[in-house]
Structure formats: structure tokens, C-alpha cells
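2 protein chains.
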Amino acid sequence: MSSNETNVLTVKERILQANQEAAAGLRDYFGLRGTLVTNLISSPGSGKTSLLEATVQRLRDFSVAVLEGDIATERDADRIRALGVDAHQILTGGACHLDARLVQQELGKAGWLGNGRRMDFLFIENVGNLICPTSYDLGEDFKVAVLSVTEGDDKPFKYPAIFSRAVATVITKVDLLPYLQFRVEEVENRILSLNPRARIFHTSAKTGMGMHQWCRFLREAQERKGTMLTASV
Amino acid sequence: MSSNETNVLTVKERILQANQEAAAGLRDYFGLRGTLVTNLISSPGSGKTSLLEATVQRLRDFSVAVLEGDIATERDADRIRALGVDAHQILTGGACHLDARLVQQELGKAGWLGNGRRMDFLFIENVGNLICPTSYDLGEDFKVAVLSVTEGDDKPFKYPAIFSRAVATVITKVDLLPYLQFRVEEVENRILSLNPRARIFHTSAKTGMGMHQWCRFLREAQERKGTMLTASV
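Residue numbers (this note's numbering), protein chains in the order written: chain A, 61 to 293; chain B, 61 to 293.
Check each hint, because a few of them may be wrong.
Same chains, same label: a pair holds when it works inside one copy or across any pair of copies.
To be verified - Taking lysine-lysine pairs in the DSS-like style, the calculated list, with each CA pair at most 25 Å apart, reads:
(1) LYS169 to LYS266
(2) LYS169 to LYS218
(3) LYS266 to LYS218
(4) LYS72 to LYS285
Please keep in mind that the hints were generated in silico from the structure rather than gathered at the bench.
Let the hints inform the model, and build the full structure from the sequences given.
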């Protein structure tokens, strides 16, 4: 191993450790506030923002906030704000993932810290990247992998880490299945072999298919978190 | 700036500089061999391998080799080998991009160094990631961005770096355009504003559309490189 490689490892370990500490702080904070935090991870263009648009419209009875991670542009936050939902854009410059300290800083910038308001759900849309965001804990309750059927059915084989760690995988754009060769069963079997407890949802933000099941899953998880909060007080 | 951040910058600079040196060596080598090297970069599932399958079948008169970069599985190399074309899979473990030293090593492992055979084209399919591979020179003649219409027309806005650096963008899966909202003109204008000399191709590996233009572009570039070689001897 060259001295460059040794340095990279040491620096990377230090970065991940510092991230873990910041994430633990965030997790405590969200726990006290009763906020269910979802960290959405996918390739660019898998439809994370479209999924969120369809999701926040079905969670109108709740107080919802969205953090949008991107390298450039406010486009995604604009799309969510257009629905009357609190959204804040995190621009990473060139960085290929979000980290816990960045989330911490941006919660302050967004004016969401200590504002006394309820926050039942916080959705964090990570930078479009199926690899790097997987390693960074953002203090979330769970990571969710988003996989569009147009990306091909080999993705859980080629990018196993995210599908192992994600509590749920949302398969998107299923309205396009008739025009594609995408073996749903093979994908499901692979995801379940990586993580036998994974939940899998089949959705189309365009037609609304599967949104009911996905939102019920979110509501139930939020309720459990709220109940734990009440029990612990 | 924290000491962690300072260290990261220093280490990153050292890594990129070492990569640049290795890439310069590769570029010299490919120049002497008359090999046109294309570094294909895109999101996971944009159709790089399908594009390559359709490409190598149209370059049967040439000697072609393919390096496939992935985190896991030999799937992509298997697909190319099934067409009777030399392909070698680079497995990065967890790494989110290829680098020049890795390419150097794998050329040896593949048995392609000093084998005395012609190599007119080398296609390097990078790890599916629209961000990190952009920074690493692999000694290629040019980077090519691959963008599928199913990813949405906002990608050149949200990921400007790769579209600035790519000599060409291949828009793929255009057979699916009738089922999508993808503003081709907006994408083209954005790409050209980032890089006014960029070449843009519209292709469908499924129907063959646009493959003729794309392969002509490659053949002409290869011919220019071969001519330079002859002129310099």
C-alpha cells in the first residue's frame, strides 16, 4: 500500500467517524422532535423528486419538510415548494453525497431549528448517486433506495451496498414496464437476498400506482416513532 | 476550514496529480499504438453497455477492446464477450470511479499489453456515476457523456461538470420518447451552452436509430489518430 493510499484510508476513517458523531446528534434531535427522517438514495433521474411530489401530496394531514441535495440548481426544491411544502435546497458544489454536518448546517439555514413547529416527516433527497451516499449516516430513521424500471434489472446486482442497507426499495416508473425488458421478480429476489427484511414498493408517480402502500408504510413508521416518544416522556 | 478538510484537500490533490501522471503515460502508449480511447461516463442504467453492444457490432472491420468498470459482477464484460469482442471486467470493490493506475494494471491482466495485436478502439465503460468519474483522466482521447431520455431533461443543469468536459453526448433510449416528457431541444441548448463544440447524438440501441452517425464520428476520430501516427513516424 502506497503512502497516498494509507493517507486516504486514515482521512476517510476520520471523516466517517466525524460524520457518525454528527449523525448521532441529529438522530437524538429528530427523536426528541418526533420527526421521521427518510434518506432517499438513487441514480440521477430515478424519479426521487417525482416520488416526493406524489408523496407530500398524500401526507397533507402532516407537517412535512424536504431537504434537497444537489450539486447545482434549486430545481428540485422549487418543485416541492410549488406544492406548498417547506423545502430547502442544499447545494454541495461538487460533492457527490450529503453528510450529517451539512444537514445540521442547512437545518439552521432553512430556519427549521427551534422554530417550535411540528415536523412529522423530513425527507432528505440525497445527491443522485447510487454509490457514495450509501456510506454516510444523516441521522435518518432509514435509507430508502429508489430504482426506476428504465435503469435495468441488473442494478441490485451491480450496486449491492445500497440495496443491503436500505430498509425499503421503491421501484418507480412502473407505468413504462410494457415498453421495457425488466424482470421484476429477479430484482425482488435479489433485493431480498441482500436484505431479507426489505420492503419493496412498485410505484408510478404519473399514474399514482402503489403510492397508497408506500405512504401507509411511512405513516405507520411515523406513528411508531411518535408512540415511542410519548412512551419515553 | 477544519484540519480534516485541509487533509482531504491535500490528499485529493496528491491523488489527482498521481492520476494525471499515470494518465499521461497511458496517453503516450495509446498514441504509439494508434488506439482511439473513449471513456464513457453516465448514471447507472443509462444504457452504456447496450450502446457498446450496438457499437462494436458496427465496428467489425476494426480491432476493438472493451474495459468494463463496475463495483461488482462480470455482467457487462460477459455481454460484450458474447459478441466475440475482447472485453475485460475491472471490479473496483467499492470505488465509485476508475483511475488511470487501475486501467494500467488491468491492461496487463487482460493480456493486452505487448501482445503485438492491433487495437484500433478501446472503449472504457466507467462505473455508473455521473459525478466522481468526471475528475479522473484515464489517458483517453475523449470523455463521452451518455444520457438516457428516461433520466429527465434536467440532468445537464444539475450535473454540469461532465457535460462541460465531454467531447460528445450520446442521448440514448430515444425510442421511449413518445412515452415521456423530455425536452430534447432544452437539453441540447444546455449542453451547447456548457460546451459549444460538443457533438450530440440521438440513439436507440434497440431500434438502431442514430448508431450510424455515432459510429461515423468514432471512425473518423480513429482515422485522424491513425493519420497523426503515420505522419509522426
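Quick rundown of the hints versus the structure:
1. LYS169 to LYS266: For LYS169 and LYS266, the Cα distance exceeds 25 Å both inside one copy (32 Å) and across copies (47 Å).
2. LYS169 to LYS218: Answer is between: at 22 Å across copies they meet the 25 Å cutoff, but 37 Å inside does not.
3. LYS266 to LYS218: between (27 Å within a copy, 22 Å between copies)
4. LYS72 to LYS285: neither (32 Å within a copy, 40 Å between copies)
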